[in-house]
Amino acid sequence: MKRPGLIRWNFFVYFVVIFGLGFAYIFLGLDGHVKRLIEHKLSAFNGAPVTIEHATFKLSGPRIELEKLEFKDPSHPERNHFEIGKVHLELEWQALLRNRLVITDSFASNAILYPLQPLAPFDAQIKSLVAPPKSNSLASASDFLSNPSRTQLPSDDVWTAVPSFQATKALNSELDTQVAAWTKQVDALLETDHQQIDASKAAQTQDSEAQNRIILGQLEKSRLELNQLQAQVKADGNVILSKVETLTELLPHDVTVIRQGVKLPNLEFNQLAAELGAQQTRAVIDIADSFHYRLIPWLEKKEQALADAHGRNQGTEFYFSGRLLPPRLWIKKLELTSKDNTGSGAGDVIGRISDLSSEPSEQPAHMSLQASFSKAEISNVQLEAQIDHRGGLVDDRLALNVASFPVRDLDFVNTPALRMGIEQATATLNLEYLAQKDSTVVNAHNKLDKVSYRIESTGEPIKKVFDDALSPLTSLELDANGQGKTDNLQWTYTSNLSDRLRSALQQVLSQEYAEFNARIRERADQKVRDAKKAMETRLVTESDAVQQKIAVERDEIQTMIESITKKK
Amino acid sequence: MAIKARYSSRSSFLQILLALLWGSWLGFTPTWLTLQVIVLFLALIFLRLPWVWMATSFAVSWVTGAFLLDPLMNEMGLFLLRFPGLNHFWTEMAKAPIIPWTQFNNSMVLGSFLLGILMIPFWAYVAWNVRRRAPVA
Chain A
1 MKRPGLIRWN
11 FFVYFVVIFG
21 LGFAYIFLGL
31 DGHVKRLIEH
41 KLSAFNGAPV
51 TIEHATFKLS
61 GPRIELEKLE
71 FKDPSHPERN
81 HFEIGKVHLE
91 LEWQALLRNR
101 LVITDSFASN
111 AILYPLQPLA
121 PFDAQIKSLV
131 APPKSNSLAS
141 ASDFLSNPSR
151 TQLPSDDVWT
161 AVPSFQATKA
171 LNSELDTQVA
181 AWTKQVDALL
191 ETDHQQIDAS
201 KAAQTQDSEA
211 QNRIILGQLE
221 KSRLELNQLQ
231 AQVKADGNVI
241 LSKVETLTEL
251 LPHDVTVIRQ
261 GVKLPNLEFN
271 QLAAELGAQQ
281 TRAVIDIADS
291 FHYRLIPWLE
301 KKEQALADAH
311 GRNQGTEFYF
321 SGRLLPPRLW
331 IKKLELTSKD
341 NTGSGAGDVI
351 GRISDLSSEP
361 SEQPAHMSLQ
371 ASFSKAEISN
381 VQLEAQIDHR
391 GGLVDDRLAL
401 NVASFPVRDL
411 DFVNTPALRM
421 GIEQATATLN
431 LEYLAQKDST
441 VVNAHNKLDK
451 VSYRIESTGE
461 PIKKVFDDAL
471 SPLTSLELDA
481 NGQGKTDNLQ
491 WTYTSNLSDR
501 LRSALQQVLS
511 QEYAEFNARI
521 RERADQKVRD
531 AKKAMETRLV
541 TESDAVQQKI
551 AVERDEIQTM
561 IESITKKK
Chain B
1 MAIKARYSSR
11 SSFLQILLAL
21 LWGSWLGFTP
31 TWLTLQVIVL
41 FLALIFLRLP
51 WVWMATSFAV
61 SWVTGAFLLD
71 PLMNEMGLFL
81 LRFPGLNHFW
91 TEMAKAPIIP
101 WTQFNNSMVL
111 GSFLLGILMI
121 PFWAYVAWNV
131 RRRAPVA
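For the protein sequence lines, the chains are A and B, in the order given. Here the first sequence is numbered in the numbering used here, starting from 1 and rising by one per residue. Here the second sequence is numbered in the numbering used here, starting from 1 and rising by one per residue.
Heads up, some of the hints might be wrong.
Stated by the list, open to error - Pair ranges (Cβ atoms, derived):
1) B:V37 x A:T494: 58 to 66 Å
2) A:R79 x B:L114: 41 to 49 Å
3) A:N136 x B:G85: 17 to 25 Å
4) B:L114 x A:F19: 26 to 34 Å
Simulated from the structure, these hints should not be mistaken for lab results. Every residue gets a Cβ at the ideal spot worked out from N, C-alpha and C, and that includes glycine.
In isolation and in its complexed conformation, chain A is listed as follows (with noise of 0.2 Å):
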């Protein structure tokens, strides 16, 4: 039987059929294939899903038209922050063969952006230039203040631990050290005693004068010792009273201890300025963060690891560079434009990118943009930016000018007892952005108009003294510097409102923390008093009983002194 070839050479009927299905996906499937791809492509550049609505792609040219793109905010993934209704892009053939994408021209039309939302409180997981505040002074401040029982004086448990309760407690145990002491020299001199006594009882029956003479002596010497040890205790009753008065001179700092227990906020608010500016700081630098943190990265891959995907490891993509090797990505040209003439809320929009590519290093990048967004209540923004990493050297400039725009719920505090903020207001924006060799620098100039402030607090004082600080200040001013290390700027804030907010807090703090301040010294000075009154008592009562002791058995043996002498 003749053997069969290594190779089935009848495949004309399977080529036929492979073909025909690669047909059938290019003019079925393709489309809807390239439109996941860009939907992929562009949500991991904006960290949050982006969907088309329609993708063509056309061999001739080739060329792609995409129509709707809706780019979801990042911080509100539920929600639209920037549409575009049109992008024809137009590709070249060579680059595309080697899986790489090169457009040679394009543009977009129809852009909306929809109205700005606040951000999102700080996430970790969100990158961003701006790091969140350290401190919470004002959040703190305004709990102390919202707080009913804020000048209730702490219960008797903290109490146990000032200076002078320790003390206290120490000079009794020294006392019953002492009183023990008396008891003991006490006890021995009567057990003494009281053989003399027996003895000059059994001297008197005997009527011995020489023995009559010993004994007297001897009882002669137990007064003595009666009288020196009476002496001793009121000595050692006065050097233990002396010590109870000093318990006076811990009062000051049993009045600090119970002020550190009470945690009262500072009252130099040094964060103020960074947390009421790193919040709007964020929001208007957002664009300074997608470039940095989401534009840069996104273009400029070297590695990247791919996402699990049907129970297998994607493993990781390496792109490479080469003088003749296109770039990734390339965009040449791209044109923006937008004409807001149908009043549907798209803006004025024209913009221009020209050279934006996955290679920096070989093609700087140029961006301009200018836009009026009427839906936004954005007007007259400018902005210009640049991706330049020629040499090996980076640099990296973007320049924001915005004329007017919408500042909508910014809230500086939020906590149960107090939602502090701006309601709204009408602000301007100057954002310079300059990123050098692995040096940043920031700087960013904001300001509010026409603000009005939100104040909901449950306490009506805190609500009055922010009132009070923020009515007349209609006028904003924020501005914020960062500089140092690309990914751990040092920022400093500067605001008039911040100053407005800190001498109105320290005010009223001041006045609170001098009254309670006069609560905790009149209840400690109450506490010292009482503890020294105790002391005083319990020491008169048990020096007493001692001195009372030796007085009776003084007396005991008078009497046997003077019975003796008589019968002499």
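With chain A's structure known, arrange chain B on it following the hints.
Here is chain B on its own, set in the frame of chain A:
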């Protein structure tokens, strides 16, 4: 029985080896990456013994999952793609048309392809044994 009779009587050593090799490549590479699609099309068009490479692909894919070979293949791919001496070679490959669509720049694709190559002696041994023990036509 028909399959056994078919390979035992008519299939050559190389046909069996190619079917096993193709099957292992298909089984090792992650799902639906470009190289796997190309390998699948080539197998569908040219290769004989379709049940052999399909079964091998399924078995190898199962073994890969069961014995966690993905990290091994990934490490092999990473090593080669990061090896400084090969950077020029990969760049030249990236410059060539069509070749970049094989996604050789993916560590899993390269690692699985290399593992498939390394398994040629094993598959040759299996193919030789199958062929030797088959009844003579």
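Verification of the supplied hints:
no., hint, result
1, B:V37 x A:T494: 58 to 66 Å, "holds, 60 Å"
2, A:R79 x B:L114: 41 to 49 Å, "holds, 47 Å"
3, A:N136 x B:G85: 17 to 25 Å, "violated, 54 Å"
4, B:L114 x A:F19: 26 to 34 Å, "holds, 30 Å"
When held up to the earlier numbered hints, the structure conflicts with hint 3 and nothing else.
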